[in-house]
Structures are given as C-alpha cells and as structure tokens.
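Enquirer: Work out the full structure, taking the sequences as your base and the hints as a guide.
The listed protein sequences correspond, in order, to chains B and P. In case it helps, my numbering puts the first sequence at residues 44 to 334. In case it helps, my numbering puts the second sequence at residues 856 to 1176.
It is worth saying that the hints were derived from the structure and are not from the lab. All residues carry an ideal CB built from backbone N, CA and C; glycine is no exception. Keep in mind that the hints are not guaranteed to be accurate.
Cβ-to-Cβ under 8 Å is the rule here; a few derived chain B residues that face chain P [claimed, not checked]: (1) Ile-73; (2) Asp-75; (3) Phe-78; (4) Tyr-80; (5) Gly-84; (6) Asn-158; (7) Pro-164; (8) Thr-179; (9) His-227; (10) Gly-274; (11) Tyr-278.
With a straight-line cut-off of 25 Å between C-alpha atoms, the simulated BS3-like cross-links for lysine-lysine are [said to hold, decoys possible]: (12) B/Lys-201 x P/Lys-994; (13) P/Lys-972 x P/Lys-1160; (14) P/Lys-994 x B/Lys-250; (15) P/Lys-1160 x P/Lys-1175; (16) B/Lys-316 x B/Lys-327; (17) P/Lys-994 x P/Lys-921; (18) B/Lys-228 x P/Lys-1175; (19) B/Lys-201 x B/Lys-145; (20) P/Lys-994 x P/Lys-1095.
Each pair of labels, with its calculated beta carbon distance range [what the hints assert, rightly or not]: (21) P/Lys-1175 x B/Gln-72: 21 to 31 Å; (22) P/Val-1094 x B/Arg-313: 39 to 49 Å; (23) B/Lys-228 x P/Asp-952: 49 to 59 Å; (24) P/Pro-954 x B/Gln-72: 30 to 40 Å; (25) B/Lys-228 x P/Pro-901: 33 to 43 Å; (26) P/Pro-954 x B/Gly-119: 24 to 34 Å; (27) P/Ile-1063 x B/Gly-257: 22 to 32 Å.
Listed here are the chains, written in short residue letters.
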Amino acid sequence: MDRRARDLVDSFLNVALDRDEMARLRALQIRDRGFGYDLFGAEKQSLSLGYFFLRWLYLYYFRVESTGHEHIPTGGRCILASNHSGVVPIDAAMIGIDIVRKLEPPRLMRAVVDNFAAAVPFVGLFLQRCGQVIGTRRNFEELLAADEMVGVFPEGAKGTGKPFSHRYQLLRFNVGFIELAIEHKAPIVPVAVTGAEEQAPMLLNLKPIARAIGFPYFPVTPTFPLLGPLGMMPYPAKYYIDYGEPFLFHEEYSAKALEDPHRLRILAGRVRKRIQGMLHKRVKERPGIYF
Amino acid sequence: MPKSGKQNVLIAGATSVIGRQVAEQLYYDDRNVGHIMAVGRESQKPYYFDEYDTSRFSYHSLNILKPRELTNLFLSERFRDSCINVFLHLAFIHRNDAPPPERHELNVDGTRALLTKCTETTGIRKFIFLSSWDVYRLKPHNPVLLDERADLNFDQRANPWIKERVDADMQCRAVMDHPRLQVVVLRPTGIIGRNVRHSMNEYLSSRICPAVAGFNPMVNLIHTFDVIRAIRCAIHRPVKGVFNVVGQEAAPLSEFIRLAGRVRLELPEPGVRSLNALQRRMGLTQWDFSVHPGRIKFSCQLDGKKAEDVLGYHPTHHVKF
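Expert: What follows is the structure in structure tokens.
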C-alpha cells in the first residue's frame, strides 16, 4: 500500500474499531525494513484490515471462547502447536485473533501455511500481508531468531483434510517443530481448537480432482460441491481455544537430542498426547456443537 | 612493469555498462590495483577509455571463441608485463544481442574457454564471474531468503537464456577446488542502474509494468555501484566461493514500481503475456515476460550474509530510478 492507502485504512479502522482494539493493533510489532513491510512481506495496515474482517467471524459467527492465556509467553520466541481441522483452515485465523484480543500485551502469531497456498493468487498474498509464512525450515528459523511467536500445525494439511468420522483423532505429528524448538530454545505451547471439525464435515475426499488442481484434498461436505462455492462457507460451530502449559524441551534436552530421530518422535508424541487430552476434555464438557 | 603487491586485473567484457564502471573505479579510486587490461569485442578502443594512462591501462579486442586470439592475448608482451593475476569475467552476452546458438556459444563455451585458459596460466590467481539471481529456481514456496545453497534452475523447460546462466555458473563451480585458482562467483540480485541491461531494470524502465493479478512478490534490488563494490571486494579478498550480493532495499515489487514512477497494471497471466508481447513489438520495453514468468509472481530475496561475513561487502547505495 502507498502512504495514502495506509492513511485511508487507518482512518477507516479508527472509526470501525473501538479504541481498545485499535490500541491492541497498534501494539503489534513488525520489523519494518523501510517500506512498511517486514522480511516476509507483513504489513501493519493489511493485517489490521484482516483482523477487522475476521473478527466478525471470531465474535459473532464462531463465538470463540478461550482459556489458558497465562501459559502463552508475552515476549520472546515461542511455538504454538495446535491441532488443525475443518477443511478451510480458519482455525489458524481464530487463534491469531484470539491472541491479539486476549493476550497482554498482544502479539502477532506467525502461522506457517502449506506450500500450495503461495501459488494461489490473492490468497497467498493476503496471508503474506497478514504475517503468515510458508512452512519452510528457513522461514521457521528466521522467525524464531527474530523472537517471534510461530504457529504450527504438526498434523499438516492432512489434519484439515480428515474425514468427519475421524474428528478429534489427531494424526501423527511431524517432528520438525520439535527440532527447531530445541535448537532455538523455544517453548512449545500446546493449543487445542474445538469446534473446527464441525464447521465443514468432510464426508469424502476426491483425491484425483485434488491432484489435478494441486490442492492437498478436494472435500465433499453436506453442502459442497452441492451448493457450489457457497457450500464451502463453514457452518457456525462454536469454537473453543485452550492453551496448555508449555513444554520446555530445550531445558530437558541438549542439541544432542537432535541426532536421535526416535527421541524427537517421542517428544512430538508427548505434545500430541497433551493436545489430544485437552480436546477430549473440551468435547466432553461443551454443551453443544453449534451453541 | 606494474608494482608488486597490487592486483592487476583483466576485465573481459569491459565495454559493458558494468565493465566500464568497474574499469573506471579501479583506475581512479583503487590504489591497490596496478594494471588494468580491458578486453572487449569492439575492434577500436572506445572513446571512454581514451583518457586512461596507457602505462596503467590497455584495451584489447578479443573474440573469446577464437582459441588463437585468446592464446595470443595470454602470451602477449602486454599481458606478461602487466602481471595479470585477477581475471574478471563480465563478458556475458545479453539475450537480445545474438541469435540463440551464437549466444550460447559465447556465454557457455566462452566461459569454459576463459576458465580453461585461466587454469593453465600460472600467473592468474583469481577468476571472478558475475553471475545472476536468474540461476535460482523460483518456486511459490521458496524460503524467504535464498542462500547460496538454494536450488538452481535445472528445469528443462526453462528459457535458453536462463539455462545459459545456470550452465556458466556451474562451469565456474566445477573448478572451485582448483589448487591455485581462486574462483569467485558473484550472484547479484536484480541490478538497477542507468543503461544496465538487466531484466529487472528493463521491467522497471517500462512505462507500464504489467503484474500478474493476485501476486506481489518481495524482492531485494541492488544498485550498480554496490555490484561494483562487491566486485572490488572479491578482487582484493583472498577468498573463493559463491556469494549472493544484495542491496539495501527489500520490498514488494509494487513499491519499486511506484518509486520508479511507473504504472502498475494487474492482469491475469495470459493478459500479461499478451501485453508484454505488444510492448516489445512496439519497442516500448526490452523486458520479456516469457524469459522468467515467475520473476513477477514469486518472491525472491537473496541472503547476502555470506558476502558480508566473508567478502566484507556491505551495500551502501539506495536504488535510484
């Protein structure tokens, strides 16, 4: 955006958002390299606009409730490891907005996104401007080195492509985030998102179509592709986001652990087990799926 | 007889924009450079070299594809007396300057011939090749910074010009372990400067810059003067290897278009292709979208840390249009 567009956005948001929200957005830091963008292409005004549009979903559509913010580091590098579900990965956006709204002081979560997103016009650009990054090791390392908060979804894209019959059964976790957490001495905060599984129950995955269009999956839900693109609109499931006590693997293990793939797998399994436990508890306790 | 302890540099491609500026800076501003031999395709010494003192500077016309001419140059009295110990290869032909078969011969076979000659000539201690960021494979999911170990573009479907770039770069890397010759490959990011015949400069010189709708890649650009700084660092430092060379600025491409005072026109990719073809046919631009379609879609920021740490290179110039 040029200066005029940024001023316009700021003026608009000053009117559209309340003072507290504006103060929280202003408190978010990006390392401006001189043109108003950071190394990854994040821009304050773009992510504020993204917040403005997505907060409606957060407040009124998914009516997000969250607990455990005391476990999230308020500064320094850290990794938020979450389950991933719901076909359309809005859960990441909801976590990001939750942290801006509820954490004191607010922080920007830099979620790692799947490779294919970068090739999708407008979508990839929007994600980039909102501070989200492609999930390469180098990107991860750059973020941790800059003491950023990184959001990861160790189930990968397969997590969002789970069939509805396997809801809330976590897939095997990748170990990359464990390696990086130990190497860069970052705490891992387990995050359990409940509700996303029911926002787009996937009945079938048409893999040939997915392969043909370069997507990780092609879902068939009760409304998609029956209702066309409108059918991908997520259902208004109530979201719960729970943050658990952080894992401090970098204090328990030295860099030598990085040479032991079996150990890394066990550690990833510990994070998975914790999140699975948090999910089971929440699913049991919640009064309903959509209310 | 040149003074000892100084670098004596042969510049192949001295008549290019960058070559001329390198020669000028080495001649006027560098006390640690003794003799300069400028080599170019022009049969007569260009006018801009007329003021240089012939005891320190000489110009030679050379066709690098003619082995006898190359041998004669290296065996010449002037070459011997100059004690040339650094060979700077800037003689990479622009894609529009020759038909593809001839261009390939000059760029790839020519590079090989120069490398071979330098490895055979015991006095030459260093070979510096100015490569390009075009050698890197641009994927939508590249990491934010591409370091020197990033994937090169070995795609068979790549434009022949890109393949020549990669081939020449690889030829230099193939002799990187030579016991005597220090081979330095410099890979600058998009070069911006007056009359510089670089794709990004050509793109930003067009009045209308077509952009693929939905994409706005992060790029870091470099001014010509900083490229020359990097070359001078490579001449003087006793190092070898591959180095990314970056400038101070990194921003979305749209910011550079705005800085250049150009109009950014977003179109679907087929529209960009058509518009660019029309622009070229009308002589409105030299930039060719089809050479590297990913360049205006996918981010490409080079990691210049190695050049900072090892070459001692730090960018000082802002990109100016």
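Enquirer: If you check each hint against the structure, which ones fail?
Expert: Hints 1, 2, 9, 10, 11, 13, 17, 18, 19, 20, 24, 25 and 26 are the ones this structure does not satisfy, whereas the remaining hints hold.
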